[in-house]
Amino acid sequence: MSYGFEIYDASGERWLSSTDLLISVLDVFQVAGESVGTRLYPGVGAQNVMVVQSPVKGTSLTTDAFMAFCRLNTVVTTEGANKRVTWSPAVRLGAVHDINLYVLRA
Amino acid sequence: MTYGIAFSGANGLLSVNSDWASLTFIGKAIWTGVDSVFAADLPSLYWDRNFGPFGASYTSGASGGVGLRTFIARSESSFCGSLVGTLTTPNDNGVFKYSIASPDYPHIFVSTTNPAVCPTVMGIRDTGTVNDDGWPIWHVFVSLSYPAGMRAGAVPYVDVYCFSQMFTTPVDEYGIKVFDSAGNITFNSGLNPLRIKNVITITGTTMSNPADLSTLDIEESILGGDLPLLTDLAKPAFMSTDIARYVVTKRINMGLLTRYAIIGNGNAGCEPLAYPSIDFTQTFLMNGVRLAADGTLLYSIVGMDARNCGVGTSSSSTSIAKIESFPVRIPVIDGAEYD
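Quick note, the sequences are listed as chains S and P, same order. In short: position in the first sequence from 1, add 9, done, that's our numbering. In short: position in the second sequence from 1, add 9, done, that's our numbering.
Isolated chain S, as found in the complex (with noise of 0.2 Å):
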């Protein structure tokens, strides 16, 4: 490259330059799976912030809860110098689970 910036290890391998996209960790939090809620991140109005969801199930693989489904409907919105998070219920089949909600900036 012509430009930018490159880190090696002491390997002299690369791991990370200027055309890479590092995940952040805004947050992580776990919330009931048919719950309403939101949350609001300050300073982060102009990234680029996505939600990802991980159920939380039980430990028997071949009861009817851990083939259950759930999800939230989330949605990302800008106010100004900060982003806020709003879930709410979207689809289930079967059991309700918990689910994990990862706030990851891009």
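Think of the hints as simulated: they come from the structure by calculation, not from any bench. A quick note: this is a predicted structure, and the numbers were derived from the prediction, not measured.
According to the in silico footprint, chain P covers these stretches of chain S (three or more CB under 8 Å from chain P): (1) 30-40; (2) 62-71; (3) 74-80; (4) 96-102; (5) 109-115.
Ideal Cβ placement from N, Cα and C applies to all residues, glycine included.
Assemble the complex: chain S is given as a structure, and chain P must be docked to it using the hints.
Then chain P, alone, in the frame of chain S:
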């Protein structure tokens, strides 16, 4: 920010910064070899509609046979035998338990090198135990679909990459470290950071033919600019998330036989009485993401569970209902950079 350090990449998106911790490669989760479930070991399930002389009853349970997950609807009468309709899963599959020690909640990316093997993470759980370094041990439950009978042979085709926030790091004598205002590490050049190559956004799915339950069309887009195309990556790995269910309802039209008797002459036999239908639904799990050679995204559908059984009156048919909520954004890495 009014202080600190921030690097931006050529695409204008933020790279290294002193405010938020970047994710670091922890390692690949390992299949434990135990506590996994294979569909081929599970019994088939049946639903009976029994039309006896004193009215109809409804029972369900496990049948004696095992194999690919089979769901059987039976219509019986007490005297005149039974008729059977069967729905079998399109792929063999199982839920595999993987293990990883991670200082914080692991963020999982999965890849497959075999187009016939498809992974999806069904759940992540803190076991409550720690390793010798004091890191919590997590179980990652991965649903795999594979050619019939492959079972554990599917594991070598799949990589489960795990990333985590790293709150403390070993002391180095060289390199770059970045700290936030509380003194927490946000970047360390001595650790292998999570480098996102692109982000796909899935806006919808299409599967219009109930008879073809093996794949589906995905409507998706990727970020543009200077980011690489997915086909430019040596080994694309997708952040795994369970995004949808397809529920197939198969309706079996069954003619029931019932005994009749003609009083006085001793004649008796069986004749068609009516054609009530038995519905049973099977939940199909959308399983994983893989990149086809032509650059299209593929998901496979694997039958995992039966859900309902009822009685209808119309003729035989098969219908599909989609349980989904889009858009879904899925970050992508090049797994080859972490092998």
